[in-house]
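Could you put the whole structure together from the sequences, leaning on the hints where they help?
Protein chains in written order, with this note's numbering: chain E, 1 to 276; chain F, 1 to 356.
Worth flagging that the hints you see were computed from the coordinates, not collected in a lab. Glycine included, C-beta positions come from ideal geometry on N, C-alpha and C. Among the clues, some could well be false.
[Claimed, not checked] Cβ pair distances, simulated, as ranges:
#1 E:Pro110 with F:Glu14: 26 to 32 Å
#2 F:Glu18 with E:Arg15: 56 to 62 Å
#3 E:Phe32 with F:Tyr147: 53 to 59 Å
#4 E:Leu135 with F:Ile344: 29 to 35 Å
#5 E:Leu135 with F:Ile43: 22 to 28 Å
#6 E:Lys165 with F:Leu113: 34 to 40 Å
#7 E:Glu159 with F:Glu19: 19 to 25 Å
[What the hints assert, rightly or not] Just a sample of chain F residues kept apart from chain E, beta carbon distances all over 12 Å, derived:
#8 Thr25
#9 Ala140
#10 Glu146
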Amino acid sequence: MKAFRGEPSIFASARPEDKRAELEVKNLTLRFGGITALNKIDLAVHTGELVAIIGPNGAGKTSLLNCITGYYKPQEGRIFFNGEDITNLHTHTLTELGIGRTYQNIELFPGMTVLSNMLLARHVHCHYNVGKASLFSKSVRNEEVYHREILEELIDFLEMQSLRKQLVGALPYGMRKRVELGRALALEPKLLVLDEPFAGMTLEEKEDMVRFLMELNESWDQTMILVEHDMSVVMSISERIAVLDFGVKLAEGTPDFVQSHPQVIKAYLGDTSKID
Amino acid sequence: MRKFQFHPCGNFKESYNEEIKIFETDFGRLWLLIGLVLLFGVIPFISSPFMLYVLNTVGIYAIAAIGLNLLIGYTGQISLGHGAFFGVGAYAGAILATKANFPFILVVPAAGLITAAVGMVFGLPSARLKHLYLCIATLAGQFILEYVFVQWESLTGGAEGISVVGATLFGLDLGNDRTFYYVIFVCLVVMTWIAVNLIRTRYGRAFIAIRDNDRAAEGMGIPIFPYKLLSFAISSFYAGVAGALYAYFMMSITPEPFNLWLSIVFIAMIIIGGLGSIPGSVFGAIFIVALEEVLSHGTEYLMNVGPSAGAAITIAPLREFVFGLAIVLFIIFEPKGLAEVWRIVRSNFRLWPFSY
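Okay, here's the thing in structure tokens:
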């Protein structure tokens, strides 16, 4: 039995085409009645990239993620994933296509254990049908054991061995975020969408989280989109940053470029020209 | 030869396969064996005919209650139409047996499948409706089906109903209560086992996910609506099988028993037994049937004792009252139902005398 950290077989055995994640958002507009939450957004994410989306509160970051993961349907514009138009697909279909996500307000199942939460994410990778499941045939049993092995590797990877049988509702906030990351990884996503993975964490928890994300990105070529408010983390880990404000994309580029962009400074700090 | 483990202490699991077993220790398996021996080898021979009648009723209701628990307790879709689905099973069974001359062994599963299809139709509102609104939509289903039972006279025989000849299996007469006891309880054991299996696979997990947080369930790749329909189908299949057995057991069926009251009785069973617990559904069925028998015999007894006859007539409508009281008391004192009581009793035995 393997007991080690760092080489979950679902990452190690993934072929390059399993990791291919080319996301293209074109001219995306989302309105809620009279409010334009997203206005003509263009964004491209390529395989192996770690792209961050930042912006002040209400800028439309989560709305953009919700469009990408199928919770919101935009009025205009298209979203392509690996060449396929995914604009109007359901969330569950997108999960099957390989877009996994975590949520801003943690959407775990509090009454279930860490392990059953993660087992749930293996749903699309279970292949047995109702008939076999109702008899719990040999093949179902083997498949369940196989999924358990994969989850154990992920639990090792995320250093949550002691939590596996605990109820998620009883865990501290930072740990829940980690469980949610584990659950998203159990989906075997090609594109991992993280909505504020560092929110409400202590410094140590943030450091751990950064360690996991960096390892995923650098060692296992996991493509990620990240929404985050903690600028020091965002600036140090992301390759590319897109800045949104009031539904409009202000700038996109490397952390240095974004930090010195006048419009970004204006959006975050306000306009100083009028004071002078 | 495997070493037997009768106590959870020091019972280290060496493979993931051991973790997904239904019973944690061999102690549970031993009790299951003892229970099955009692159920099939002892109880039918020591029970009086009246006791057998009660037990058969318990068995039939327990099958339907398990189905309803899959729908309400696990998937979180409240249905007030389960009594009517039970009726659909009974009518489908009776019609197949009398008009189509199906053999008994085919009638029961066929009635289950027909009811599953009907259940899926009445589960369609769950695409858009949740909670109380879905509840009302299924209530409509209950009344529509009741209306069909009475009005579609060419098929259902209207208010007069249908008489069914006793079941025969491979030339074996199953017409009397004792032989039919075996049929019912074999069905119950198999259906319980199937329900337990479903719950520990991806279907059960998907149902629970839909109940707890359908937004997140969708994010896990679970198509919500098809799974809600599947839950309606499985639940109605259970109701259909139970209904078909009921038709054979009662020998004649009329539309009256399959009313809203029956639906509420089923819901009472799973609330008292324990929502989201398969054994709880069986406990609930036992409790409710026992309560009904005690109440009806209690009032009957009082009627026959001269001086209290007047009082008994006033007490008779209290049956519904006691029913409601039982539900309320359970919700207040043991919201997890009899299944939780059973768990507490078991762990008390296990932990005695150091229960901390």
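- Taking C-beta pairs only, is F:Glu146 more than 12 Å away from all of chain E? holds (30 Å)
Outcome for the supplied range 26 to 32 Å, where the beta carbon pair is E:Pro110 and F:Glu14:
holds (31 Å)
For the pair E:Leu135 and F:Ile344, does the Cβ-Cβ distance stay inside 29 to 35 Å?
holds (32 Å)
### Query
Cβ-Cβ distance between E:Leu135 and F:Ile43: within 22 to 28 Å?
holds (27 Å)
Quick one: are E:Phe32 and F:Tyr147 within 53 to 59 Å, going by C-beta? violated (43 Å)
**Message:** For F:Ala140, is the shortest CB-to-CB distance to chain E above 12 Å, so the non-interface label stands?
**Reply:** holds (28 Å)
| said: Does the beta carbon distance between E:Glu159 and F:Glu19 stay inside 19 to 25 Å, or does it fall outside? | reply: holds (21 Å)
Open item on the list: Assuming the hint says 56 to 62 Å, is it satisfied by the Cβ distance from F:Glu18 to E:Arg15 or not?
Closed with: violated (33 Å)
### Query
Taking 12 Å as the cut and beta carbons as the points, is F:Thr25 off the interface with chain E?
Nearest chain E Cβ is 17 Å from F:Thr25, so the label holds.
So does E:Lys165 sit 34 to 40 Å from F:Leu113, Cβ to Cβ?
Cβ of E:Lys165 to Cβ of F:Leu113: about 39 Å, so the range 34 to 40 Å holds.
In summary, the structure is inconsistent with hints 2, 3 from the numbered list given earlier, while agreeing with the others.
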